[in-house]
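S.K.: As a plain string of letters, each chain reads:
There are 2 protein chains.
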Amino acid sequence: MEKRELLYSGKAKSVYTTDDNDLMVLQFRNDTSAFDGKKMEQLDRKGLVNNKFNAFVMSKLSEAGIPTHFEKLLSDTESLVKRLDMIPLECVVRNVAAGSLVRRLGVEEGIDLVPPTFELFLKNDELGDPMVNEYHARSFGWAEEEHLNKMKELTFKVNEVLKQLFADGGMLLVDYKLEFGLFKGEVVLGDEFSPDGCRLWDAETREKLDKDRFRQGLGNVVESYEEVGRRIGMTF
Amino acid sequence: MEKRELLYSGKAKSVYTTDDNDLMVLQFRNDTSAFDGKKMEQLDRKGLVNNKFNAFVMSKLSEAGIPTHFEKLLSDTESLVKRLDMIPLECVVRNVAAGSLVRRLGVEEGIDLVPPTFELFLKNDELGDPMVNEYHARSFGWAEEEHLNKMKELTFKVNEVLKQLFADGGMLLVDYKLEFGLFKGEVVLGDEFSPDGCRLWDAETREKLDKDRFRQGLGNVVESYEEVGRRIGMTF
Ligand SMILES: Nc1ncnc2c1ncn2[C@@H]1O[C@H](COP(=O)(O)OP(=O)(O)O)[C@@H](O)[C@H]1O
Ligand SMILES: Nc1ncnc2c1ncn2[C@@H]1O[C@H](COP(=O)(O)OP(=O)(O)O)[C@@H](O)[C@H]1O
Ligand SMILES: [Mg+2]
Ligand SMILES: [Mg+2]
Chain H
1 MEKRELLYSG
11 KAKSVYTTDD
21 NDLMVLQFRN
31 DTSAFDGKKM
41 EQLDRKGLVN
51 NKFNAFVMSK
61 LSEAGIPTHF
71 EKLLSDTESL
81 VKRLDMIPLE
91 CVVRNVAAGS
101 LVRRLGVEEG
111 IDLVPPTFEL
121 FLKNDELGDP
131 MVNEYHARSF
141 GWAEEEHLNK
151 MKELTFKVNE
161 VLKQLFADGG
171 MLLVDYKLEF
181 GLFKGEVVLG
191 DEFSPDGCRL
201 WDAETREKLD
211 KDRFRQGLGN
221 VVESYEEVGR
231 RIGMTF
Chain P
237 MEKRELLYSG
247 KAKSVYTTDD
257 NDLMVLQFRN
267 DTSAFDGKKM
277 EQLDRKGLVN
287 NKFNAFVMSK
297 LSEAGIPTHF
307 EKLLSDTESL
317 VKRLDMIPLE
327 CVVRNVAAGS
337 LVRRLGVEEG
347 IDLVPPTFEL
357 FLKNDELGDP
367 MVNEYHARSF
377 GWAEEEHLNK
387 MKELTFKVNE
397 VLKQLFADGG
407 MLLVDYKLEF
417 GLFKGEVVLG
427 DEFSPDGCRL
437 WDAETREKLD
447 KDRFRQGLGN
457 VVESYEEVGR
467 RIGMTF
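So the protein sequences, as listed, match chains H and P.
Under the working numbering, read the first sequence as residues 1 to 236, first letter to last.
Under the working numbering, read the second sequence as residues 237 to 472, first letter to last.
Bear in mind the hints are in silico, worked out from the structure with no lab data behind them.
Take these hints with a grain of salt, some might be off.
Result set (DSS-like, lysine-lysine): computed pairs, CA atoms no more than 25 Å apart in a straight line [stated by the list, open to error]:
#, chain 1, residue 1, chain 2, residue 2
1, P, Lys308, P, Lys318
2, P, Lys388, H, Lys150
3, H, Lys152, P, Lys386
4, H, Lys177, H, Lys11
5, H, Lys184, H, Lys3
6, H, Lys152, P, Lys388
Now the stretches of chain P that chain H is said to cover, found in silico as 3 or more residues with beta-carbon under 8 Å [stated by the list, open to error]:
#, stretch
7, 341–351
8, 361–369
9, 373–383
Don't be surprised by glycine CBs; every beta carbon is placed ideally from N, CA and C.
Take the sequences, apply the hints, and build the full model.
M.R.: And the structure:
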């Protein structure tokens with residue numbers, strides 16, 4: 001496998017073609033952004049930590065029967081993945097109220113959401129990733145009904161697997177964002193799962209161990225990500 | 237039937253109890269508000285026009301098999317309705333892109349939405365009526381799944397009836413908002429259907445004939461409402 005040209009450089013990762021048209025290299029950079037890119041910083045070692053974190057979690061999901069794009073680790077900051085035709089929607093599940101939900105609906109941070117909520121956001125930085133629903137997705141052609149149903153089913157299945165994984169490490173999976181794409185017509189989990197795209201709290205103290213440390217300037221961002229990794233059985 | 241005490245005074249209507257606990261008087265005032273109450277004006281004759289418009293449309297919907305709260309006209313500005321236990325959600329169907337959809341999703345005003353979209357908004361002035369979804373409704377206890385499904389079904393059924401009614405009068409039903417409540421356990425259409433809560437354009441010229449005339453300061457607000465009424469066969 002040979003890495004070829006840069007296809008796209010996003011806010012945190014860069015994507016390269018390879019000599020195999022079905023495969024891509026995902027390079028995890030140290031760039032860290034928040035508030036639709038308004039806050040931007042380089043955090044030492046973040047690319048490495050998220051690359052390995054993602055590899056570990058994607059493997060767990062794959063073992064649980066969830067189709068993912070992850071193929072293998074290539075280096076400290078690079079992974080080989082299936083090249084997907086990305087669906088421009090973010091799927092968010094929330095077990096506990098936090099973040100934009102708290103602001104939008106005026107509810108208290110930390111209340112349990114029973115049943116967990118599912119939300120769709122349009123991946124569009126200029127529009128500030130607006131919340132949308134399945135009717136918008138169909139009317140604007142962002143995703144077909146059958147694919148949306150699959151995305152929802154898989155997003156909730158991820159919840160069962162990961163709530164348990166993090167609970168075993170003494171943590172609460174508050175919420176998370178997934179992105180899906182199509183590979184030969186099948187819905188496959190793409191992008192990344194890392195503390196950059198979810199909220200994880202210590203189950204006892206409710207200390208934040210995720211990107212909210214960066215958003216809220218709490219410090220020890222990457223150290224917390226590594227701590228989360230160690231608690232679920234990883235070594236860096 | 238005897239009108240008793242004021243139960244609630246909203247932005248455009250007042251609600252009175254009667255000697256029958258199952259019935260209420262809905263009084264349509266001339267008050268007209270927009271932008272979550274930030275723009276407020278008294279528009280001469282609006283209470284009368286909306287009261288009669290609503291009576292006419294609710295009767296058409298009832299004939300089409302949609303359960304509504306409307307019982308009968310009591311006076312120029314008052315109607316007798318069933319007292320519902322209101323569900324705090326607004327159901328919006330859009331046939332054509334306009335208003336907040338255009339702003340939120342950056343699409344062009346006037347494009348056809350195929351299939352039409354369905355949206356839910358939390359009825360909460362302080363929060364600016366945020367968009368929500370069915371998961372929020374269930375997790376926060378605003379509506380049960382069975383009732384939500386019924387609300388959606390009825391909202392789309394209203395679309396079939398009213399698209400045709402307005403098309404016959406040379407108009408395009410761009411979008412509309414409905415509110416539902418429970419009456420003895422059944423989902424029933426409540427509140428009002430009038431040009432205050434929908435968008436209607438002349439089918440040829442696309443001239444706005446609804447509350448956007450007030451929002452956008454185009455003038456002839458109530459005159460346009462009456463024109464719409466006449467075009468669908470009403471006399472005031
Ligand atoms: N397997 C994949 N195939 C194709 N594109 C992918 C895949 N996984 C992730 N992507 C896309 O690559 C980009 C990842 O880089 P990121 O820095 O997260 O970008 P963004 O700023 O757009 O979120 C995203 O646009 C994501 O949708
Ligand atoms: N049949 C009904 N039973 C009980 N409440 C109703 C019924 N129809 C409408 N309502 C409620 O009465 C109020 C109508 O007044 P309005 O001026 O539109 O108020 P608002 O400013 O809250 O929208 C709304 O809160 C609406 O939900
Ligand atoms: Mg991203
Ligand atoms: Mg109202």
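S.K.: Does each hint fit the structure? Answer for all of them.
M.R.: How the hints compare with the structure:
no., hint, result
1, P:Lys308 / P:Lys318, "holds, 10 Å"
2, P:Lys388 / H:Lys150, "holds, 22 Å"
3, H:Lys152 / P:Lys386, "holds, 22 Å"
4, H:Lys177 / H:Lys11, "holds, 15 Å"
5, H:Lys184 / H:Lys3, "holds, 22 Å"
6, H:Lys152 / P:Lys388, "holds, 20 Å"
7, 341–351, "holds (count 6)"
8, 361–369, "holds (count 6)"
9, 373–383, "holds (count 3)"
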